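Place chain B on chain A using the hints.
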Amino acid sequence: MNAAPAHPVAAVPESAPARPPILSVDGLTVEIDGRYGAATIVDGISFHVAEGETLGVVGESGCGKSLSMMSLVGLLPNRIKVVGGSARFGGKDLIKASKRELRAIRGGEIGFVFQDPMTSLNPVMRIGEQLMEPLIYHRGMKRAEARKRAGDLLRLVGLPGAEARLDNYPHELSGGMRQRVMIAIGLACEPKLLIADEPTTALDVTIQAQIVDLVKSLKARLGMSVIWITHDLALLAGLVDRVMVLYAGTVAEDAPVDALYAEPLHPYTRGLLASIPKLTHEGDKAERLASIGGTPPEPGRRPKGCPFAPRCPARLAVCDDTMPPLLAAAGARPGHRVACHAVNGADRAIAAAEPAR
Amino acid sequence: MTASAVLPQAIEPPVSLWADAWRRLARNKLAMVGLALIAVLLFVAVFGPWLTPYDFLSQNIDARNLAPSLAHPLGTDDLGRDVLSRVIYGARTATLVAIVVTVIAMVIGIVLGALAGYFGGWLDAAVMWLTDVTMSIPNLLLVVVINTSLKPRLANWMEAQYLETLNPIYRNSIWIDFILVFGSMALITWPPYARLVRAQVLSIRNRPYVTAARALGLPTWTILTRYIVPNAVGPLIVAVSAGLGTAMVLESAFSFLGVGVNPPMPSWGNMISDGLRVWQHYPHLLAAPAIVLGLATVAFSFLGDGLNDALNPRGTK
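From first to last, the protein sequence lines stand for chains A and B. 1 is the number of the first residue of the first sequence in full-length UniProt numbering; add one for each residue after it. 1 is the number of the first residue of the second sequence in full-length UniProt numbering; add one for each residue after it.
Derived by calculation from the structure, the hints in this document are not laboratory data. From a predicted model like this one, the values you see are computed outputs, not experimental measurements. It is possible that part of the hints are untrue.
Far from chain A, by Cβ distances over 10 Å, these chain B residues were calculated [stated by the list, open to error]:
1) D78
2) V133
3) L224
4) H281
5) D305
Only part of the chain A face toward chain B is listed, based on derived beta-carbon distances under 7 Å [what the hints assert, rightly or not]:
6) L75
7) R103
8) R106
9) G107
10) F112
11) F114
12) D116
13) T119
14) S120
15) L121
16) N122
17) P134
18) Y137
19) I276
Here are the in silico distance ranges between beta carbons for each label pair [said to hold, decoys possible]:
20) S98/A <-> M135/B: 37 to 47 Å
21) H171/A <-> D132/B: 52 to 62 Å
22) A199/B <-> R301/A: 32 to 42 Å
Glycine included, every Cβ here is placed at the ideal spot set by N, Cα and C.
With the rest of the complex left out, here is chain A (with noise of 0.2 Å):
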């Protein structure tokens, strides 16, 4: 029955969550109705989020972070399609969900924060009708009770002059303090997951801090999920408890964060934490900053084998074509998993792909 993505996936379990998954994603896969037919742009990926964990999911532009999460909710463009997998969340199939179930979980259930605050709030409408509006819809909240809750929501977001900000318009506040008011309306029903989406990509680097705290302490109180979408992996360090690194629509390594910093596995991941500049005490003399060479494949335009393959350092003969499944990497800490034939060795790869393993 497979609908069986372009690429076997490993079926090789992961070492078991130790908090019960609030979202497990199965096979995820995601397609662009382009002027040449149909392509892949999101390619099977599996993950799990547990209850009150935050997951980094990081990668290059274009490599289907946000689409893969926004697929989750039915938010894609008119020519974007989720085309296999599941999704469970809550007890439900959210690629199955009807239109109106996905409307009551978006903003309900699962809140969202964007990357660019200066352009994500209705310049038009003061900031305490955006916060109250999903409590009134999913809530059924009465107006005066929806703007007390929202003031009480700016306070919870550190928003200096709380109530008083209410009946602000978003072009009155600062980058940062727009993105607190982001927060508060991703936050205002008390979602079970936050995605966040580059929270913080739009803001200056102090700003970023601010947030990125505000967010580990909110998430510390009100105990919600995380995820964190980023092409930043000097950002997640502090603030993640497991990374998923994205490569062309592929999960290419899966590791709790300490692993991750401590043994980077893929190739790929590699090349994004040297390409993170340090400060060196020797400022006169120093080191060109490493990139990784080219840019991700076009969707539509994939490699047959590992879609790294064409930029990797580490390219074996079998990288071109056959696809490295995801497997627990041989030798290292339970949890981290690897899609990378130089890592995993070609043999285990065939050897998974085999139906009978």
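Leaving out everything else, chain B in the frame of chain A:
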């Protein structure tokens, strides 16, 4: 949080986008002149019956074609009717027609344009096809056809109703004029509004705040009415201001040709038409309505330009 040390009273009071736009508009002299003229026009239109020195219908055979004087500031016409009174009543007609026609056209345009832009697909194709068809028909021709084919039938029907019910409502032929003039003019003026709103919605529906609203699970209706249409209103206000002037000119043009408001109801258009025949002898009969019509359209166009600059501050210098 160090920032929370800021006292609430340090926050400046909210300035709405509209207050901001008004400040910019007030700095524009031409726009203020336009606004003043429009205010006078509206005042005269609303309070016309209390302002006119004479009844606009009463004729005076002894006082025909008089030049302007103290008794008749704008003179009298060939039936001895006071021109000033007729110009004031003409303002009522022009304003009423312009406002009603523009409101009808705007509502049709907003609804069709917003739906077409937001949903796209066949709905968009159908609406755009409809605007193309409407705009391809020559305005005057359509109005002439409607008036010549429908007006006699409507008049006959009303006559029959009157004979049956003896209800005096059916006696008043002015209603026929207004219904037909409003209807046919709205029919030819709605497509630009629909196109404008559609174009606005097309660009707004992909803005991040609309995605954010969808991510909040808000229903489509709320997203359209609270997130998309309010953000499309700026250019629409400009178009409506200019459209009011255009509608006045259109109404005058139709009346001039005899397919608009019919005599004895005064309209600047039919006054110009009457005055044109005798302008060499009695130029004031042409000048009065023509100058007033010119001022009114210039006023709306000044205001429209001013609004355009005030609502799109980045568009200027």
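Hint check:
Separation of D78/B from chain A is adequate, the least Cβ-Cβ distance of about 54 Å exceeding the 10 Å criterion. Every CB of chain A is more than 10 Å from the CB of V133/B (nearest about 27 Å), matching its label as outside the interface. At the 10 Å boundary, the C-beta of L224/B stays outside the reach of chain A, the nearest C-beta of that chain being 13 Å off. Every CB of chain A is more than 10 Å from the CB of H281/B (nearest about 57 Å), matching its label as outside the interface.
With a minimum CB-CB distance of about 23 Å to chain A, D305/B clears the 10 Å threshold, and the non-interface call stands. Of the supplied interface hints, the one on L75/A holds, with its beta-carbon coming within about 6 Å of a beta-carbon of chain B, less than 7 Å. A cut of 7 Å between beta carbons decides the hint on R103/A: the least distance to chain B is about 4 Å, and the hint holds. The interface hint given for R106/A is met, as the beta carbon of that residue sits about 4 Å from the closest beta carbon of chain B, less than 7 Å.
With its C-beta approaching chain B no nearer than about 4 Å, G107/A sits inside the 7 Å limit, and its interface hint holds. Interface restraint check for F112/A: the shortest CB-CB distance to chain B comes to about 4 Å, inside 7 Å, so the restraint holds. Evaluation of the F114/A hint against chain B yields a held restraint, the C-beta minimum of about 6 Å falling below 7 Å. Interface restraint check for D116/A: the shortest CB-CB distance to chain B comes to about 6 Å, inside 7 Å, so the restraint holds.
At a threshold of 7 Å, the smallest CB-CB gap from T119/A to chain B is about 4 Å, leaving the interface hint in force. Interface hint status for S120/A: upheld, as the beta-carbon distance to the closest one in chain B is roughly 4 Å, under 7 Å. For L121/A, the suggested interface contact is upheld, since its CB lies about 6 Å from the closest CB of chain B, less than 7 Å. At its closest, the beta carbon of N122/A sits 5 Å from a beta carbon of chain B; the interface hint therefore holds under the 7 Å criterion.
Proximity of P134/A to chain B holds as hinted, the smallest CB-CB distance being about 5 Å (cut-off 7 Å). The interface hint given for Y137/A holds, since its Cβ lies 6 Å from the closest Cβ of chain B, which is under the 7 Å cut-off. About 27 Å separates the beta-carbon of I276/A from the nearest beta-carbon of chain B, more than 7 Å, and the hint is not met. For the hinted restraint 37 to 47 Å between S98/A and M135/B, the CB-CB distance of approximately 40 Å keeps it satisfied.
Against the hinted window of 52 to 62 Å, the Cβ-Cβ separation of H171/A and D132/B comes to about 38 Å, which falls outside the hint. Checked against the given bound of 32 to 42 Å, the beta carbons of A199/B and R301/A, roughly 34 Å apart, stay inside it.
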